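Colleague: Spelled out, the chains give:
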Amino acid sequence: MKHTLFILLQNESGALLRVAGLFAARHCNIDTLTVATTHDPAISQLTLVMHGSTALLEQVVRQTRKLVDVLDVNTLSLVGTEQRLLALASSA
Amino acid sequence: MNLPLPTAVPSPAPEAPHPRAGEHLSGADIIVQILVDEGCEVLFGYSGGAILPVYDAIFRHNAQHLRADGSEPMPLIVPANEQGAGFMAAGHARASGKVGVAVVTSGPGATNLVTPIRDAMADSVPMLAICGQVPTAVLGSDAFQEAPVANIMASCAKHVFLVTEPEQLEATLRTAFEIARSGRPGPVVVDIPKDVQNAMLAFDGACRLPIPGYRARLRATAQSQLGEDACARFFNALAQARRPLIYAGGGVIAADASAALHEFATTFGIPVTTTLMGLGGFDTTHPLALHMLGMHGTAYANYAVEDCDFLIALGARFDDRVAGVPARFAPRAQFIAQIDIDAAEVGKVKAVDWHHVGPLRAALERLLRHGRARAAQPDFSAWHAHLAQLKRAHALDYDRDSVLIQPQAVIEAINRHTRGRAIISTGVGQHQMWAAQYFDFRAPRHWLTSGSMGTMGFGLPAAIGAQFARPDALVIDIDGDGSIRMNLGELETVTSYGLPLKIVVLNNVGDGMVRQWQKLFFDGRFSATDRSLRRKDFVMAAQADGFGWVRRLERKEDLETVIAEFLAHPGAAFLEVMIDPDAGVYPMVGPGKSYAQMITGPFIAERGESAIAPAQTADMF
Ligand SMILES: Cc1ncc(C[n+]2csc(CCOP(=O)(O)OP(=O)(O)O)c2C)c(N)n1
Ligand SMILES: [Mg+2]
Numbered sequence: 001m002k003h004t005l006f007i008l009l010q011n012e013s014g015a016l017l018r019v020a021g022l023f024a025a026r027h028c029n030i031d032t033l034t035v036a037t038t039h040d041p042a043i044s045q046l047t048l049v050m051h052g053s054t055a056l057l058e059q060v061v062r063q064t065r066k067l068v069d070v071l072d073v074n075t076l077s078l079v080g081t082e083q084r085l086l087a088l089a090s091s092a
Numbered sequence: 001m002n003l004p005l006p007t008a009v010p011s012p013a014p015e016a017p018h019p020r021a022g023e024h025l026s027g028a029d030i031i032v033q034i035l036v037d038e039g040c041e042v043l044f045g046y047s048g049g050a051i052l053p054v055y056d057a058i059f060r061h062n063a064q065h066l067r068a069d070g071s072e073p074m075p076l077i078v079p080a081n082e083q084g085a086g087f088m089a090a091g092h093a094r095a096s097g098k099v100g101v102a103v104v105t106s107g108p109g110a111t112n113l114v115t116p117i118r119d120a121m122a123d124s125v126p127m128l129a130i131c132g133q134v135p136t137a138v139l140g141s142d143a144f145q146e147a148p149v150a151n152i153m154a155s156c157a158k159h160v161f162l163v164t165e166p167e168q169l170e171a172t173l174r175t176a177f178e179i180a181r182s183g184r185p186g187p188v189v190v191d192i193p194k195d196v197q198n199a200m201l202a203f204d205g206a207c208r209l210p211i212p213g214y215r216a217r218l219r220a221t222a223q224s225q226l227g228e229d230a231c232a233r234f235f236n237a238l239a240q241a242r243r244p245l246i247y248a249g250g251g252v253i254a255a256d257a258s259a260a261l262h263e264f265a266t267t268f269g270i271p272v273t274t275t276l277m278g279l280g281g282f283d284t285t286h287p288l289a290l291h292m293l294g295m296h297g298t299a300y301a302n303y304a305v306e307d308c309d310f311l312i313a314l315g316a317r318f319d320d321r322v323a324g325v326p327a328r329f330a331p332r333a334q335f336i337a338q339i340d341i342d343a344a345e346v347g348k349v350k351a352v353d354w355h356h357v358g359p360l361r362a363a364l365e366r367l368l369r370h371g372r373a374r375a376a377q378p379d380f381s382a383w384h385a386h387l388a389q390l391k392r393a394h395a396l397d398y399d400r401d402s403v404l405i406q407p408q409a410v411i412e413a414i415n416r417h418t419r420g421r422a423i424i425s426t427g428v429g430q431h432q433m434w435a436a437q438y439f440d441f442r443a444p445r446h447w448l449t450s451g452s453m454g455t456m457g458f459g460l461p462a463a464i465g466a467q468f469a470r471p472d473a474l475v476i477d478i479d480g481d482g483s484i485r486m487n488l489g490e491l492e493t494v495t496s497y498g499l500p501l502k503i504v505v506l507n508n509v510g511d512g513m514v515r516q517w518q519k520l521f522f523d524g525r526f527s528a529t530d531r532s533l534r535r536k537d538f539v540m541a542a543q544a545d546g547f548g549w550v551r552r553l554e555r556k557e558d559l560e561t562v563i564a565e566f567l568a569h570p571g572a573a574f575l576e577v578m579i580d581p582d583a584g585v586y587p588m589v590g591p592g593k594s595y596a597q598m599i600t601g602p603f604i605a606e607r608g609e610s611a612i613a614p615a616q617t618a619d620m621f
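As you go down the protein sequences, you meet chains C and U in turn.
With our numbering, the residue at position 38 of the first sequence is 38, and numbering never jumps.
With our numbering, the residue at position 222 of the second sequence is 222, and numbering never jumps.
Chain C extracted, bound-state conformation:
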């Protein structure tokens, strides 16, 4: 199952590495990752697409929320064949 994570991140040195490193260390493949600035220059928005079970998603989201620079994590998961969008988890 494909999941999209929206991660709001404080723009600290090494913050992106810590997010990407966490996914690698937890054996969770990132399919795509884009980084965008927000209206607040101190905050970036990461959009990350991964695939895996909902259990894996839930665990990696909880771990992501432990990262000091992470402000917020929201997820969207594509469920079933109807390509229905289902919000699974919300703010940190």
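Note that these hints are calculated values from the structure, not bench results.
Just so you know, not all the hints are guaranteed correct.
Claimed, not checked - Quick list of simulated restraints, FRET-style, between CB atoms: (1) U:W354 with C:Q45: 51 to 59 Å; (2) U:E560 with C:N29: 34 to 42 Å; (3) C:K2 with U:Q334: 30 to 38 Å; (4) C:N29 with U:Q145: 49 to 57 Å; (5) U:D582 with C:T47: 56 to 64 Å; (6) C:T54 with U:Q225: 23 to 31 Å; (7) U:E554 with C:A20: 29 to 37 Å; (8) C:T54 with U:G227: 25 to 33 Å.
Stated by the list, open to error - Derived lysine-lysine pairs resembling DSS-like cross-links, with alpha carbons at most 27 Å apart: (9) U:K519 with U:K536; (10) C:K66 with C:K2; (11) C:K66 with U:K350; (12) U:K556 with U:K519; (13) C:K66 with U:K348; (14) U:K536 with U:K556; (15) C:K2 with U:K348; (16) C:K66 with U:K98; (17) C:K2 with U:K350.
Quick caveat: nothing in here was measured; it's all calculated off a predicted structure.
We put the beta carbon where it would ideally sit given N, CA and C, even for glycine.
Here the structure of chain C is known, so what remains is to put chain U with the ligands in place on it, guided by the hints.
Modeller: Here is chain U with the ligands on its own, set in the frame of chain C:
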């Protein structure tokens, strides 16, 4: 991601300004001032070019603030290797509950800290590592002794800071302490380029970094209280239970919740087993105590897990040394409850029926109040009788008739003197498990062991750190011949600082624990685990490093008198015991096995239904 860092914010409503607020100080002096402000009593570290300004500031601080007795207020303890400094800081932290601090130079100094930092992360130990770094002007240029410390440590530590803006230094360091000790504790690394240490800065005295996400989550967790409903559901389930069991982990100790656990367990009559990390969180001599569970837990604790119908996991995370097969762990439990400070641990390994994410002590106190006021006192006397019978029938035991010295007898002999009141550190291997099994642990922070990482070489430096935390306590390192070799250079640190440390090497001439697995799973081919051709003379090594009392014990009949002499010696003492090289650690729940398949070995009675089928588990660890 190269945008400017958010500027430091003043801490909310400072009560009184810092006495040095407004002073112009160097970065290095600011670092020392914050260490003082955070209550740091001792530092562990090895010097080098990139940390020289900080070392100089520490020297000046100590020289200017000598105590009346001539001692330094914040001594800097120098190990043989930075790994030693890291484990000393961790030992200090584990024995005291405070943040342990290591200060090292760039490049190799910092990379030598990787293992202790990961070890502290894996066991949730609050630590701060300050690493010197090459000047900002040459960062990223492959400068002499440059290593990408923030990158390397980012995958090991709770958090990492690389301070490139001198104005951020003060807020960063203060925030690093806050992160290390708050929530689920862990190690924080602060990488500080040399020019930042030399920069002249105005000292604020209170500023911190804005870490709004972390602080908001922390606040939410800290304030989350068990509601009336949740308490009622817990006690309704307990009222249905006949065989409840508390499974307590290291979280009990980290949360300073052992008194609350004692109240809770004794009030409702619920027996307690602890993990390796939880030893001391509940007095192992208490009638409700079942000692340790898991791979090398007591048979009666593991049988209790098999038999229980209600399991309460407190600050414990169902790791593979406890729940090797999660689906078959506590198979008769109708209801599993879990309390943890870390939301990511809830349901990570095993689904639970009830949980609470929050500080453990407050949660236990809340449950206690609710239970006392509302719940009928349950009657678990049949379960208590059942467990008493299990304890009698399946007590720990070993080859008492052998002519060879059994390691378990050595631990028992020491325990007869220390009675659960000594601080015990260990290496990793069989000796670690025998120490866990055969010592009594009456209070928290008396058991220092590398649990999750299982790092050989931990024991000696951790004991040194603990002795600095508790100068008057009896600190004993129970080590293995393999493990102690890993940081043997620290023997000299013991005598250089005049520590009254006691060291016991249980010498089985090799990597006993690995041999035990080779016996079980590799037809006894002892690839690289036999040390009988090695030339090391531990006694001469200890003598060379200035130990005042050194002895090799080889005859069983001398055991009692030698142990008594060893422990009575007022200074540093080193005892090597030549033990039965074939002694095994039992019980054993093999990797990938359930508790029903536990092997109790030749000297502990088994309950039946256990079938040993080795092989096919070779890829389990
Ligand atoms: C740093 C490190 N390397 C390797 C291992 C794997 N290992 C686990 S126990 C063990 C043997 C330990 O030997 P010793 O310290 O003599 O203890 P014994 O089992 O003999 O009591 C080894 C090699 C480890 N835990 N840590
Ligand atoms: Mg050995």
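Colleague: Taking the hints in turn, state whether each one holds.
Modeller: Against the structure, the hints come out as follows:
Here the CB-CB span from W354 of chain U to Q45 of chain C is close to 36 Å, at odds with the stated 51 to 59 Å. The supplied range of 34 to 42 Å is broken by E560 of chain U and N29 of chain C, whose beta-carbon atoms lie about 60 Å from each other. Between K2 of chain C and Q334 of chain U, the C-beta spacing of about 37 Å keeps the proposed range 30 to 38 Å intact. At roughly 35 Å, the beta carbons of N29 of chain C and Q145 of chain U sit outside the given window of 49 to 57 Å.
Between D582 of chain U and T47 of chain C, the C-beta spacing of about 59 Å keeps the proposed range 56 to 64 Å intact. Roughly 29 Å separates the CB atoms of T54 of chain C and Q225 of chain U, a value that falls within the hinted 23 to 31 Å. For E554 of chain U paired with A20 of chain C, a C-beta distance near 56 Å fails the hint of 29 to 37 Å. Taking 25 to 33 Å as the suggested C-beta distance range, the pair T54 of chain C and G227 of chain U conforms, at roughly 27 Å.
Note on K519 of chain U and K536 of chain U: the hinted pairing holds, with a Cα-Cα distance of about 25 Å set against a maximum of 27 Å. For the given pair, K66 of chain C sits about 22 Å from K2 of chain C by alpha-carbon distance, which is consistent with the 27 Å threshold. A threshold of 27 Å between alpha carbons decides the hint, and for K66 of chain C with K350 of chain U the separation of about 20 Å falls inside it, so the pair holds. Only pairs whose Cα atoms come within 27 Å are accepted, and K556 of chain U paired with K519 of chain U is accepted, the gap being roughly 26 Å.
Between the alpha carbons of K66 of chain C and K348 of chain U the distance comes to roughly 15 Å, so the proposed pair stays at or under 27 Å and holds. In summary, the hint linking K536 of chain U to K556 of chain U is supported, as the alpha carbons are separated by about 22 Å, within the 27 Å threshold. Using a Cα cut-off of 27 Å, the hinted pair K2 of chain C and K348 of chain U holds, with the two alpha carbons roughly 20 Å apart. Our distance criterion of 27 Å between C-alpha atoms is met by K66 of chain C and K98 of chain U, whose separation comes to about 21 Å.
Restraint check for K2 of chain C and K350 of chain U: satisfied, since their Cα atoms lie roughly 24 Å apart, inside the 27 Å limit.
Of the numbered hints stated above, those contradicted by the structure are hints 1, 2, 4 and 7, listed in ascending order.
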